[in-house]
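Peer 1: As a plain string of letters, each chain reads:
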Amino acid sequence: MSATADVARMLTLVPWLLERPGASIDEIAETFAVAPDTIRADLAHLDFCGLPGLGGGDLFEVTTVSDRVVVRMAEELKRPLRPTAGEALRLVLTVDAVAEVLGDELPALRSAIGKVRAAVGLPEQAADVLGTEGPASLASLREAVVSGRRVRLRYQGRADAAPTPRELDPWGLHVVDGTWYLQGHDHNADDRRIFRLDRVVAFEVTDEPARTPRPANLETPRYVPGPDDTAVVLEVDARGRWLEDALTVDEVRATDAGGARLSFRTDAPAWVARLVLMAGGDARVIAPDGLREQVSALAQRARERYGRR
Amino acid sequence: MTAKVERLVNLTVALLETNQPMSLAELKRRTGYYDQADQRAARRMFERDKDELRRLGVPIATLPLPFSDEVGYRVVRREYELPDVDLTAEEVAALALAVRLTGGEGTPLALAKLAARAPDPAELPEPTTRVELADEAVGAVADAILDRTAVRFAYRTAAGVTGVRTIDPYAVVRRRTAGYLVGRDHDRDALRAFRLDRMTELPVAVGEAAAFERPSDLDVAAAVQGPEVEGVEVELAVAPAARWAVELRGGQATGRIHEGEPVMVLAELDPVRDRSWILGLGADVTVLAPASLREAVMASLDAVTEVAQ
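Just so you know, the sequences run in chain order A and B. Counted the way the working numbering counts, the first sequence spans residues 1 to 309. Counted the way the working numbering counts, the second sequence spans residues 1 to 309.
Fair warning: there could be bad hints in the mix.
[As the list claims (entries may be wrong)] In silico DSS-like cross-links for lysine-lysine, where the CA-CA straight-line distance does not exceed 27 Å:
id : chain 1 : residue 1 : chain 2 : residue 2
1  : B       : Lys28     : A       : Lys115
2  : A       : Lys78     : A       : Lys115
3  : B       : Lys4      : A       : Lys78
4  : B       : Lys50     : B       : Lys4
5  : B       : Lys28     : B       : Lys50
6  : B       : Lys4      : B       : Lys28
7  : A       : Lys78     : B       : Lys50
It is worth saying that the hints were derived from the structure and are not from the lab.
Produce the entire structure from the sequences given, and follow the hints as far as they go.
Peer 2: See the structure below:
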């Protein structure tokens with residue numbers, strides 16, 4: 001971490017500690033989202049801060065006894081530095097986005113946002129989050145998570161030809177960049193699974209209690225390429241560049257006229273074939289051959305529906 | 001040699017404590033720093049330190065000194081200090097939870113500043129939902145929005161056209177998967193929204209601060225969503241495999257049958273944007289009406305076949 005970031009933290013650490021004499025190193029580290037050793041290093045520096053010179057100077061007094069910290073003689077920094085415009089904007093957007101999702105569960109968040117905006121001088125119009133309205137199933141699924149009841153789904157997996165029935169003990173919901181997921185123990189797979197809510201065709205909250213305990217840490221629903229996954233290369237022209245946003249692309253190489261060559265791995269080639277189809281001629285498969293043939297065959301079958309050969 | 005972080009903290013304290021602007025010579029006397037024999041080296045070191053502190057938001061003022069050609073420096077305490085934010089224990093807890101759920105760069109520090117003198121967080125129940133947000137480059141535009149300075153950046157449109165834009169930045173808006181900068185485009189003299197992740201170069205400020213006023217009737221949602229498109233009613237013949245997808249999209253059965261498949265109707269589809277959704281359903285649907293969409297889908301399927309050769 002840069003010296004600048006360290007200074008920004010230390011200037012906040014002092015007023016924070018003046019208000020909380022005897023705070024523990026762990027508690028401080030958690031608040032500032034850094035390692036306990038980083039906090040120890042900060043405190044070692046702060047012991048040499050204040051006003052040096054003038055016959056030994058007038059330094060802060062930092063005492064740490066069994067990981068409890070007391071700062072004295074630091075009234076010069078008794079209030080924190082104002083957040084920068086960037087910090088303020090980022091915080092407001094973050095909190096606002098979470099309030100869109102959890103505002104009903106955490107009403108205090110809504111009242112806090114107004115106070116935060118006022119404190120950092122950010123008008124409501126300068127930073128806004130537009131509704132992340134969830135699917136209709138949300139309220140019932142939330143309730144199933146809170147009350148710990150088993151859920152039955154009909155689910156269209158990315159790699160499946162048709163929706164299949166699933167039964168799971170729900171652990172929690174996730175919103176990743178506006179997309180909703182449900183995570184839980186899938187009884188059919190006897191393992192943890194993550195379901196995209198916009199692929200849930202039907203669901204039912206049962207009266208049966210969920211029996212598989214929720215693990216301490218829930219996984220983030222993010223695709224991690226495995227060793228058996230297919231390496232794909234697509235070429236898109238300028239109008240097909242939106243595919244970059246739809247896929248998790250490893251490499252983008254610009255080509256002529258605003259196009260690009262996209263390289264990535266996937267566990268669901270059939271889903272990629274559909275994306276290429278969606279691009280309607282603005283994308284083509286370079287590799288593997290099998291995927292290119294799959295796209296061709298899919299397009300051909302679709303054309304036959306319109307009487308074309 | 002003292003650590004740089006200590007020097008920067010101590011410089012901040014010295015500038016906060018003085019009531020009169022201090023020249024570099026006085027700062028040297030007061031702090032013991034910048035005492036190199038080479039005065040230009042000392043000046044360079046001080047200038048670097050000053051710039052670094054300003055980037056953190058330390059408002060170092062440069063003021064003329066009486067009876068001298070030199071300038072003096074000081075930090076006005078009320079510009080530096082964040083006034084107390086009247087947050088309750090529940091609000092602090094809710095904010096901390098929002099920051100912990102999303103874990104964005106810099107947000108824990110911003111919250112520590114706001115909550116430095118607030119009560120310790122209350123205990124809250126574990127929320128049902130986790131929220132993940134893409135980390136947007138909002139820092140680059142935050143100052144410009146708050147200072148009302150125009151910015152210039154290179155931008156790639158959804159259609160793949162790259163160009164340089166100059167805009168009066170009004171707001172940052174987050175909507176589902178992406179963050180947007182909303183403002184008045186100088187060349188087009190119109191309100192526009194720009195996806196932050198399509199800026200191919202970071203925005204730089206151009207011109208003076210307070211160069212524009214944010215319109216009081218600014219409608220950021222309209223800017224981000226673009227012009228309202230008149231929706232059309234679409235009729236599809238739907239194979240069983242696609243029935244769930246059409247139903248999730250609001251499709252209703254008409255009771256009619258086309259070549260052995262049920263005919264479903266969707267109200268209010270966007271004929272341009274939703275064409276790719278229909279293409280993605282591949283050989284599982286046939287567009288029956290309107291004729292223009294049917295033609296467009298057929299042309300797109302031909303294009304897919306052509307580029308796949």
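Peer 1: A separate judgement is required for each hint: does it hold in the structure or not?
Peer 2: Here is how each hint holds up against the structure:
1. Lys28(B) to Lys115(A): With Cα atoms ~41 Å apart, Lys28(B) and Lys115(A) exceed 27 Å; violated.
2. Lys78(A) to Lys115(A): holds (21 Å)
3. Lys4(B) to Lys78(A): Holds, because 22 Å separates the two Cα atoms, which is no more than 27 Å.
4. Lys50(B) to Lys4(B): holds (12 Å)
5. Lys28(B) to Lys50(B): holds (14 Å)
6. Lys4(B) to Lys28(B): holds (15 Å)
7. Lys78(A) to Lys50(B): holds (21 Å)
Comparing the model with each numbered hint stated earlier shows that hint 1 is the single one that does not hold.
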